[in-house]
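Everything in the sequence shown is counted per my numbering, starting at 9 for the first residue and increasing by one.
Hints may contain errors.
As the list claims (entries may be wrong) - Here are the computed distance ranges between Cβ atoms for each label pair: (1) P221 / P98: 24 to 34 Å; (2) G209 / M9: 32 to 42 Å; (3) Q287 / R266: 30 to 40 Å; (4) G132 / D90: 14 to 24 Å; (5) P221 / R100: 15 to 25 Å; (6) P98 / A131: 38 to 48 Å; (7) G49 / A225: 51 to 61 Å; (8) L95 / R293: 29 to 39 Å; (9) R55 / D90: 19 to 29 Å; (10) G191 / S39: 50 to 60 Å; (11) P193 / G116: 21 to 31 Å; (12) M9 / P193: 35 to 45 Å; (13) A131 / D222: 38 to 48 Å; (14) R74 / G233: 16 to 26 Å.
In short, the hints are calculated from the structure, not lab data.
Positions of the beta carbon are idealized from the N, C-alpha and C atoms, including for glycine.
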Amino acid sequence: MHIHFSPQTIGALAQVISGGDGTDRIGIYRSGSKLESFMRGCNVSMRVGSGSRLPTLVDAIEDANRSEDQTILRNIAEQAADPRDFLDEPERQQAVVDYLNARLRYDGLELQIVGGKARLLQAGQSAAVIDALVATVAVIDFDTVNHDLERALANADADPEDAVTAACSILESVCRSILVELGLPLPAHKDIQGLYRAVRGPLGLDPAKTGVPDLVADDVRAILGGLNTTIGGIGALRTHGGDAHGRERGTKRIIDRRIARLAIHSASAASLFLIETWQFRFPSRTLHSMDMPG
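Using the sequences provided together with the hints, build the complete structure.
Laid out in structure tokens, this is it:
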């Protein structure tokens, strides 16, 4: 994903960040000194001095846009819609996201709220399963999964190897948490294949014992067999192409963003299924995040 803002997007960002002239504002009104502080947080040096707030801010964003520093541009957009700045006015935060997205989508970009944070993504990148997983882990306060999901989404384009590693970590975190909550030992092999095999029995996910009506038993077995293959594939992809074991400088990338997103979406679907199966099997028990070493 390449970030480059159109003049319309730059103008919209400036309006949101500065609050315009303070009347009928769309964003947050910031004085000159607060604008300087905001931009410093985005790693941009800006001095309003005796000049006008809005033109100075526009110039600073335009300079960043010309530099094509992807990290700075991402920071500007994401911090402009940071939900923490709108805790007392959540409806205003949504209005800001909608206002910016109306321009960003023409640039092929889109702001989305993922795990309580604003994320700048390629337009149309969101998937229903990711949204559902985010909503589920938010309810059960699964911060480890949130962190790995955010990392995977943020790096799908710039660092697909790291995105695959993060996607695998999502599944590993869910499996470890299930085993710890059930008081079961972690398997000798703590990779994703070993962890999934260890939770499959307690969750009733053994393809040979589906516990569903005979009419659909074979179909469910086929899906569970496919799930086992998918999880094994994610683990193998992390081993062969992820960055968990490091990657030598200059090594040609063997994973592109399509494959990274496939791993993210597959890991998200599998993780959501495991969490929902836990909730179905153990409705009176809460699944907690267990940030444990692999």
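The hints, checked one at a time:
no. : hint                    : result
1   : P221 / P98: 24 to 34 Å  : violated (44 Å)
2   : G209 / M9: 32 to 42 Å   : holds (41 Å)
3   : Q287 / R266: 30 to 40 Å : holds (32 Å)
4   : G132 / D90: 14 to 24 Å  : holds (23 Å)
5   : P221 / R100: 15 to 25 Å : violated (50 Å)
6   : P98 / A131: 38 to 48 Å  : violated (23 Å)
7   : G49 / A225: 51 to 61 Å  : holds (56 Å)
8   : L95 / R293: 29 to 39 Å  : holds (31 Å)
9   : R55 / D90: 19 to 29 Å   : holds (23 Å)
10  : G191 / S39: 50 to 60 Å  : holds (56 Å)
11  : P193 / G116: 21 to 31 Å : violated (48 Å)
12  : M9 / P193: 35 to 45 Å   : holds (42 Å)
13  : A131 / D222: 38 to 48 Å : holds (45 Å)
14  : R74 / G233: 16 to 26 Å  : violated (53 Å)
Taken one by one, the earlier hints fail for this structure at numbers 1, 5, 6, 11, 14, listed in ascending order.
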